[in-house]
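Peer 1: Assemble the whole structure, with the sequences as input and the hints as a guide.
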Amino acid sequence: MSLGVFSKSQPLTLGVELELQIVSSDDYDLAPVSADLMRLMEKRSIPGDVKPEITSSMIELATGVCTGFGQVLSELGQIRDALVDCAEQLDVSLCGGGTHPFQHWKRQRIFETPRFHELSALYGYLSKQFTIFGQHVHIGCPSADEALVLLHGMSRFIPHLITLAASSPFVQGEDTGFDSARLNSVFAFPLSGRAPFVQTWGDFETYFTKMTRTGVVSGMKDFYWDIRPKPEFGTIEVRVLDTPLTIEKAAAIAGFIQCLARWITVEKPFKLSEDDYLPYTFNRFQACRFGLDGTFVDPESGEHRVLRDDPTWLRRIESENHLLPEMVRRAAQRWHGR
2 MSLGVFSKSQ PLTLGVELEL QIVSSDDYDL APVSADLMRL MEKRSIPGDV KPEITSSMIE
62 LATGVCTGFG QVLSELGQIR DALVDCAEQL DVSLCGGGTH PFQHWKRQRI FETPRFHELS
122 ALYGYLSKQF TIFGQHVHIG CPSADEALVL LHGMSRFIPH LITLAASSPF VQGEDTGFDS
182 ARLNSVFAFP LSGRAPFVQT WGDFETYFTK MTRTGVVSGM KDFYWDIRPK PEFGTIEVRV
242 LDTPLTIEKA AAIAGFIQCL ARWITVEKPF KLSEDDYLPY TFNRFQACRF GLDGTFVDPE
302 SGEHRVLRDD PTWLRRIESE NHLLPEMVRR AAQRWHGR
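For the sequence shown, our numbering gives the first residue as 2, with consecutive numbering after it.
Treat the hints with care, as some may be off.
Just the calculated beta-carbon pair ranges, DEER-fashion [to be verified]:
| no. | residue 1 | residue 2 | range |
| --- | --- | --- | --- |
| 1 | Arg45 | Glu175 | 33 to 43 Å |
| 2 | Lys44 | Thr210 | 41 to 51 Å |
| 3 | Glu113 | Lys272 | 40 to 50 Å |
| 4 | Ser302 | Ala36 | 49 to 59 Å |
In silico BS3-like cross-links for lysine-lysine, where the CA-CA straight-line distance does not exceed 27 Å [stated by the list, open to error]:
| no. | residue 1 | residue 2 |
| --- | --- | --- |
| 5 | Lys129 | Lys222 |
| 6 | Lys44 | Lys9 |
| 7 | Lys129 | Lys107 |
| 8 | Lys9 | Lys269 |
| 9 | Lys9 | Lys211 |
| 10 | Lys231 | Lys107 |
| 11 | Lys269 | Lys52 |
| 12 | Lys231 | Lys272 |
| 13 | Lys129 | Lys52 |
| 14 | Lys231 | Lys269 |
| 15 | Lys129 | Lys231 |
| 16 | Lys211 | Lys44 |
| 17 | Lys107 | Lys52 |
| 18 | Lys52 | Lys272 |
| 19 | Lys222 | Lys211 |
| 20 | Lys250 | Lys272 |
| 21 | Lys222 | Lys52 |
| 22 | Lys9 | Lys231 |
| 23 | Lys9 | Lys222 |
If you are wondering where the hints come from, they were derived from the structure by calculation, not from laboratory data.
Using N, Cα and C, we set each Cβ at its ideal position, and we do this for glycine too.
Peer 2: The structure is reproduced here in structure tokens:
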């Protein structure tokens, strides 16, 4: 399969995708009603799009192409309000957060699409364990080569982005000790982590051709990298973020990524090197495990610094009530804007 042409897009434009939890309004466990929610949403006029995800207790919303923070927040608000209204007709709620704190993966159902069933057949139980919830941010790039430069420049800041959005401390009813436990599930997939260090689209096409020749991949969707190019959109896609607990935070993080992208592309503050990736996995782990208290190793100087919250809020709510369903109820209220 060919990569195709990298579509040109307006530089630094934004697109935001949010994967949401669908929870029962009775016990706040996950509710497998995404197909019903999609049917109700077909009657609604919204600025972006709503799509199913791999298991039927998830739903994804996506903005259109936005110029900045204000438009992202406006579109997320309109989609959120329509989704909440439809969800209430089904007696379910919507919730942010990177993981549901007490759901059990064995009870999840694969959504009925050929691709999702193909993934389920390939990855087995990992597919149901992939009932996790992330925010993806697309950044417009004027050319393929500039997209790769931005991708590698942005990779330095993956730990910072993880900590800003981290909201998944609980898994299967347990406090994992991680601020972002969600990314542990992503890391289980064979083509996750970082993209290869190539700086021209020609070299990337060569890499992609070699990978498809092995039969390991058939398209870009088979790469679960932290940041990946999206040639059909003319963007790079930042994929390490937990879904925040509010649309306001989701929009703010997208705005921050846009500012960071502008700084990298306009100011060119550092020279790219494959050595930038030497501390990458360590920095990523520190951000997931300790959040803003994690250690960051500067790839140029080797200096060790402390990064500096939603995991704190979630743990406080749980400690006050000692009930994970109550924590989900409160998180759903935040997502609904109440």
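Peer 1: State for each hint whether it applies.
Peer 2: To see whether the hints hold, each was checked on the structure:
1. Arg45 / Glu175: 33 to 43 Å: 37 Å, holds
2. Lys44 / Thr210: 41 to 51 Å: 44 Å, holds
3. Glu113 / Lys272: 40 to 50 Å: At 49 Å between Cβs, range holds.
4. Ser302 / Ala36: 49 to 59 Å: For Ala36 against Ser302, whose Cβ atoms are near 52 Å apart, the range 49 to 59 Å holds.
5. Lys129 / Lys222: Since the Cα atoms of Lys129 and Lys222 sit roughly 18 Å apart, the hinted pair holds (cutoff 27 Å).
6. Lys44 / Lys9: 32 Å, violated
7. Lys129 / Lys107: Satisfied, since the Cα-Cα distance of roughly 7 Å is no more than 27 Å.
8. Lys9 / Lys269: Holds - the C-alpha atoms of Lys269 and Lys9 are around 21 Å apart, at most 27 Å.
9. Lys9 / Lys211: 25 Å, holds
10. Lys231 / Lys107: 32 Å, violated
11. Lys269 / Lys52: Judged against 27 Å, a Cα distance of about 37 Å means the pair is violated.
12. Lys231 / Lys272: Between Lys231 and Lys272 the Cα gap is close to 24 Å, so the pair holds against 27 Å.
13. Lys129 / Lys52: 18 Å, holds
14. Lys231 / Lys269: With Cα atoms ~22 Å apart, Lys231 and Lys269 stay inside 27 Å; holds.
15. Lys129 / Lys231: This hinted pair holds, its Cα atoms lying about 25 Å apart.
16. Lys211 / Lys44: Not OK: Lys211 and Lys44 at ~44 Å, beyond 27 Å, violated.
17. Lys107 / Lys52: Satisfied, since the Cα-Cα distance of roughly 23 Å is no more than 27 Å.
18. Lys52 / Lys272: 39 Å, violated
19. Lys222 / Lys211: 16 Å, holds
20. Lys250 / Lys272: 31 Å, violated
21. Lys222 / Lys52: 16 Å, holds
22. Lys9 / Lys231: Holds: Lys9 and Lys231 sit about 11 Å apart, inside 27 Å.
23. Lys9 / Lys222: Satisfied, since the Cα-Cα distance of roughly 20 Å is no more than 27 Å.
The structure shown violates the earlier hints numbered 6, 10, 11, 16, 18, 20.
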